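Engineer: Chains as they are written, first to last, in numbering that gives the first Met the number 0: chain B, 0 to 277; chain H, 0 to 150; chain Z, 0 to 775.
Hints are supplied without guarantee of correctness; some may be wrong.
Some chain Z residues judged to face chain B by a derived CB distance under 8 Å, without partners named [as the list claims (entries may be wrong)]:
hint: 1; residue: P102
hint: 2; residue: S103
hint: 3; residue: G679
hint: 4; residue: L692
hint: 5; residue: N693
hint: 6; residue: T698
hint: 7; residue: R700
hint: 8; residue: G705
hint: 9; residue: K767
hint: 10; residue: E770
In the SDA-like style, the derived pairs of lysine to any residue whose C-alpha atoms are separated by at most 25 Å in a straight line are [stated by the list, open to error]:
hint: 11; chain 1: B; residue 1: K9; chain 2: H; residue 2: K71
hint: 12; chain 1: B; residue 1: K94; chain 2: Z; residue 2: K661
hint: 13; chain 1: B; residue 1: K57; chain 2: B; residue 2: L155
hint: 14; chain 1: Z; residue 1: K294; chain 2: Z; residue 2: E169
hint: 15; chain 1: Z; residue 1: K139; chain 2: Z; residue 2: K294
hint: 16; chain 1: H; residue 1: K1; chain 2: B; residue 2: K94
hint: 17; chain 1: B; residue 1: K29; chain 2: H; residue 2: T82
hint: 18; chain 1: B; residue 1: K159; chain 2: H; residue 2: M0
hint: 19; chain 1: H; residue 1: K72; chain 2: B; residue 2: Q60
hint: 20; chain 1: B; residue 1: K28; chain 2: B; residue 2: V64
hint: 21; chain 1: B; residue 1: K263; chain 2: B; residue 2: S175
hint: 22; chain 1: Z; residue 1: K661; chain 2: H; residue 2: M0
Keep in mind that the hints were calculated from the coordinates and are not lab data.
Note that the coordinates shown come from a computational prediction; the quantities given were computed from them, not determined experimentally.
Glycine included, C-beta positions come from ideal geometry on N, C-alpha and C.
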Amino acid sequence: MLSFDFDYYKPVTLKEAVQLLETLEQQEKKTMVFSGGTELITLGRIDLSITEAVIDIKDIQECRVMGLNEKNLVLGSALSLTKIEKANLFPLLTKVSSEIADHTARGKITLGGNICAKIFYREAVLPFLLTDSQVIIAGAKGIKVLSIHDIFHEELQLEKGDILLQLETEKSFLGSPFLCIKRRQQWNSGYPLITICALKVGNEIRVAISGFCPFPFRSKVVEEILNNDRLSLEERINTVIEVLPGPILNDVEGSSKYRVFVLKNLLREIMMSLKVEV
Amino acid sequence: MKTHTIVLNVNREIHMVTVRSADTLLYVLRSKLGLTGAKPGCLNGDCGACTVNVDGWPMKSCLMLAVEAVGKKITTIEGLKDTPIQQAFVENFAFQCGYCTPGFIMNCHSLIEQHPDADDEKIREWLESNICRCTGYEEIKNAIKSVLNKD
Amino acid sequence: MKVIGKSVIRKEAFDKVNGRALYTNDYHSVSMLSAKLVISPYGHARIISIEYKDALNMPGVRAILTGAHLPLTGESLRDRPPLAYDKVRYHGEAIAMVVADTPSQAKNAADRITIQYELLPVVNSPTEAFQPGTILVHPKLGDYVKEQDMNPVPGTNIASHVKIRKGNIEEGWKESETTVEASFSFAPSDHVAMETRCSIAEISPDGNVHIMTSSQAPFMVKQLIAAYFHEDLGKIIVTTPLVGGAYGGKASVQLELLAYLASKAVGGKPVKILNTREEDILTSPCHIGLDAKIKFGADQNGMLKAAEIQYLWDGGAYSDKAADMTRAAAADCTGPYHIDNVWCDSYCMYTNHPYAAPFRGFSHSELSFAIERTLNLLAEKLKIDPLELRRQNAILPGNTTPTQVLLNKSSVGNLPKCIDRLKELIQWEEGQVVEVSDRTIRAKGISCSWKTSTIEANAPSGVILTFNRDGSINLMSGVIEIGTGTKTVLAQILAERLKMDVDKIHVRMEVDTQTTPEHWKTVASRGTFMAGKALLEAAEDVIKQIKEVASPVLRAEKNDLEVANSRVFLKDNPSIGVDFKDIVYGYQFPNGNSIGGQIIGRGNYILRRISRMNPETGEGRPGPEWTVGAYGVEVEFDKIDYTYRLLRAVSVIDIGTVLNEKAAKGQVMGAMSIGLAFAGRETFYFDEFGRVLNPQLRTYRPLRYGENPEYLVDFVLTPQLDAPYGARGVGEHGLLGMPGALGNALSTAAGVSLHHLPLTPELIWRTKGGEENAFL
Ligand SMILES: Cc1cc2nc3c(=O)[nH]c(=O)nc-3n(C[C@H](O)[C@H](O)[C@H](O)COP(=O)(O)OP(=O)(O)OC[C@H]3O[C@@H](n4cnc5c(N)ncnc54)[C@H](O)[C@@H]3O)c2cc1C
Ligand code: FES
Ligand code: FES
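Model the full structure from these sequences, guided by the hints.
Structural biologist: Here is the structure:
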């Protein structure tokens, strides 16, 4: 139950949505893009989120596309996670997605919503970081296409009035070998203790991690070490630990020291399963 | 607009209701339509007690605004009559206090609709969306499997 | 027997699968107002000021209440203000309450109330609370009004101290060749009933107080509201519809008091207060925590000779029911083993944690973790098989309990038999550890339990039976349908006794304290026993009345009559008789003359020969009988990362008689599931301010579908002679052995001794020294 009131808009065209955002901005109304909307609904009830207006983007065609063109896979930001899993065009994403929240909730949670979320795991971004995907954003100044590495630093660096429209991933990555492990505090439910995704491109391994720091990341330095064939597996893993970004999470899911232990095991598992030569 | 007069299709009946933008579907079902079968357990998307079926899929009605449900077909537990899954829950003792039951049944009902051939893994994937604190889940497993196997 | 033992479908089953089953929050009316609490964000703080003028002027607001001038409450000790006054003592404690037209308006106004606090140092564990000279949670402990059984120690954080002094402990140590000593601890956690607590109150102009509440104890609500607020007992009418899970948590009286106060503040208008999940976890009472020290001594043959036990219960900020749990734990402090020399101190400690409600098992699963882990340590030291150690020390008829009750075949079940069956079911002979791959092993752990129900010595239960004109019966009992199916079992018992079709027995699910005979509280697995006894008496009463009316009609002696199949007939010639429908509303002769009238049966029961425990030695009879059980858990354990899966869990319980097979198994499996979640995952995480960091189901996680093990449940049948059809209590027992068995399985698997709950991979890692070796 949300006790505060807000205006609800559900534009059907992108143009309308962008204009609405501008207008509301001019009226100095606090406005929120509403995709799955679960963030406002769940954080709003405990006073961690508030808004005066929401713009529901689920009816906007551009936010709902899902398909392959000659070069890329294009996924709209308002697609629910279950829709994406069902189509299974991007097996790595399907795998990551299928571990987020629970099946019913994923019928409401959207791709864009997860990537733009305040709840900092944003696990769905991991596959896009690994595949150097493009991010398509609509704003007052038109449509922008950016490499995810230029716009995703801990979180998506959107400007006021921006709408994340789509993510575009090169088809060539879709068949690459991958491994994705979500380790929780205990058993099979809950937030990640650590979620790690790895993709093997040629002989090189790429990894992206959520739940270790208060943001998801992919690190070039980490990958260089993991792919450094002058080091033994243990040396690589121990060196990686030294170059990880901080701060390391220390919360009810697990202490920071324990997370390091878990991450080391996960890295070992990934290196062995994906047969990275050591 | 902060309030809306909307049309909802619930259990194949058309209802016109006035709601706040902020009202969840769960709230409107229970407080405006008197359909108290869907239960609040957390209002946070965690427990599944509020699960209904929207356009054939399970939906936690606490995670959906009523205004988002316009144009969709909503089925609540009150909309099911003598379905095999309801019968299976009774026969298999798949509940005790019964508070989680409407949500579980609506989720199972959707699963049967979407995947009549669901295997154990699929069942697990779907049913872990709901919490039952009374049973040990064994009886719920027997109930859903008895229905899936029949098809 | 025809009906007893059968898996009769619950009477309310069809309502439950059709969404028609109504729980308290499903009752709503247009005139009903909503109450919303303002709760403390800190564990311990002085309230400097509460500013609520702005809030009062918000739309829809009808009243705002604070704690000034409210009487102190508490079941055994009056230590708790219904709304915190002057100080807050736990995170989540209610400080102010807004009553408004709608839930949203109430919340908006509650958000507008500003409270200034001055932080106080926090007592963050019972061990801290026990330190001499520490911060006092209740400096005025000595001034509180208390019940006879309470032994508070003013000037300390001890809300109650219960002693067990059995035999001669010095002698016990002398006889002991081997001793082990170990400490255990775990923080409080929660019940997580899927229905959050809800209460509705209305005070009518004639002064009648109507309360509807999701409670296990509506009769207690009535009694306490009368006592706390000086209302006439007979004017308080408490109604309880179906309850959406309780597990002990709804045996405490808390939200009802607030609903009553809220209604009173608005001139008696109906007011509903519904806990959010967060409030249900934080504000309403929780599952108790424990710090325990156990020392066992055994002779060279592994026979237990001495036990010295200290339980520091984390009762939280208020003693309420924690004091009773402290006592129950003392009474069964050793676990189900025969030990002649026992010294136990069980303390109910005040801390700045949420306060405790009963939790399924009433302190027994908790103490059992400490006892059963220590026994394994002893077995290791003695080089005796842990199963054998338990078997040879198992409590038997002829032994005495810690409170010196001499047991007989009826008052205690057959533990050795449970252990033998467990041994087969868990395939003990296969070995405690089996390699699965170079990385994983399967490991087993076992435990045993016993429990008596330390409920009030004069706890009553009553039953009324009325007939309908068609010969069917209405059964009314004060037992609450919290999910245990007790009312269906009662119908079975009645059907069995009257030899009639169980479908012709209608059970009233809702209880109201004005027209339903009292059943003390629906707790402690005592529903079937007590209500069953009352029911059998009512059945006798009905039979007697039917025969009385039938005697002149059939022109036969009452003794020559028999009742079965909804008829009364001649024993020696069943073809001569009358159907119930022709006699239970009076019998009418062909000429119109009538005799008799509606038959109304009554029966009641009060526990017998229960006595208070001696304050110095503990001697006394705390409960009627001891149900025993043996348990096993098998896990698949990863030796590298310490993660594990629950493979199988076994419970073998001596339940006397199986009254309803599927319902009984369901009770046991459900209890095992809660026990495993408690053992493996559930806990409150506190920060240094005493704040609970995980008050949502997102972060406080009960077991989910698929995380559960395969359950193996079996029963041993040693009848309790004075119980209906010999049945023993079983509602709680599946839970009791789970923490101990899981702890033993994992300690064996990991090769370290685990002393805390929950048993997470991180705990195992830390116990194995992971933290010291970690690089950060
Ligand atoms: C039950 C439950 C369990 C969860 N478990 C997990 C988990 O295991 N792992 C995990 O990673 N997360 C988890 N989450 C968090 C969840 O993924 C995020 O809260 C996410 O925001 C939900 O997606 P949504 O579509 O509902 O987002 P919304 O609520 O619609 O949006 C989230 C935020 O992103 C902004 N936004 C959304 N779409 C766009 C867009 N297209 N352009 C610009 N801004 C946008 C919104 O304004 C808002 O601030 C869980 C959530 C729930 C309810
Ligand atoms: S109430 Fe909707 S998921 Fe719990
Ligand atoms: S039956 Fe009680 S929670 Fe499922």
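Engineer: For every hint, state whether the structure bears it out.
Structural biologist: Hints, verified against the model:
Evaluation of the P102/Z hint against chain B yields a held restraint, the C-beta minimum of about 6 Å falling below 8 Å. Because the closest C-beta pair between S103/Z and chain B is about 4 Å apart, less than 8 Å, the hint holds. Taking 8 Å as the C-beta contact cut-off toward chain B, the hint placing G679/Z at the interface holds, the least distance being around 6 Å. With a cut of 8 Å, the hint placing L692/Z at the interface with chain B holds, because the nearest CB-to-CB distance is about 5 Å.
Of the supplied interface hints, the one on N693/Z holds, with its beta-carbon coming within about 5 Å of a beta-carbon of chain B, less than 8 Å. Contact between T698/Z and chain B, as hinted, is supported at the beta carbon level, the nearest pair being about 6 Å apart and thus within 8 Å. A cut of 8 Å between beta carbons decides the hint on R700/Z: the least distance to chain B is about 5 Å, and the hint holds. Annotation: G705/Z was flagged as interfacial toward chain B, and the flag holds, the nearest CB pair being 6 Å apart, inside 8 Å.
At about 10 Å, the closest approach between the beta carbon of K767/Z and any beta carbon in chain B exceeds 8 Å, and the interface hint on this residue is violated. Interface hint at E770/Z: satisfied, since its Cβ lies 6 Å from the closest Cβ of chain B, which is below the 8 Å cut-off. Taken as a hint, the K9/B and K71/H pair is honoured in the structure, with Cα atoms around 15 Å apart against an allowance of 25 Å. Simply put, K94/B and K661/Z have alpha-carbon atoms about 38 Å apart, too far for the 25 Å limit, and the pair is violated.
The suggested pairing of K57/B with L155/B holds, with an alpha-carbon distance near 20 Å, which does not exceed 25 Å. Taken as a hint, the K294/Z and E169/Z pair is honoured in the structure, with Cα atoms around 13 Å apart against an allowance of 25 Å. Distance hint between K139/Z and K294/Z is unfulfilled; the C-alpha atoms sit about 34 Å from each other, more than 25 Å. For the hint linking K1/H to K94/B, the alpha-carbon distance of about 39 Å lies beyond 25 Å, and the restraint is violated.
At most 25 Å may separate the alpha-carbon atoms for a hinted pair to count; K29/B and T82/H exceed this at roughly 46 Å. With a CA separation close to 22 Å, the supplied pair K159/B and M0/H stays within the 25 Å bound. Between K72/H and Q60/B the alpha-carbon distance is near 21 Å, which keeps this suggested pair within the 25 Å criterion. For the hint linking K28/B to V64/B, the alpha-carbon distance of about 29 Å lies beyond 25 Å, and the restraint is violated.
A hinted pair counts as satisfied when its Cα atoms are at most 25 Å apart, and K263/B with S175/B qualifies at roughly 23 Å. At most 25 Å may separate the alpha-carbon atoms for a hinted pair to count; K661/Z and M0/H exceed this at roughly 53 Å.
Hint check: violations occur at hints 9, 12, 15, 16, 17, 20 and 22; the rest are consistent with the structure.
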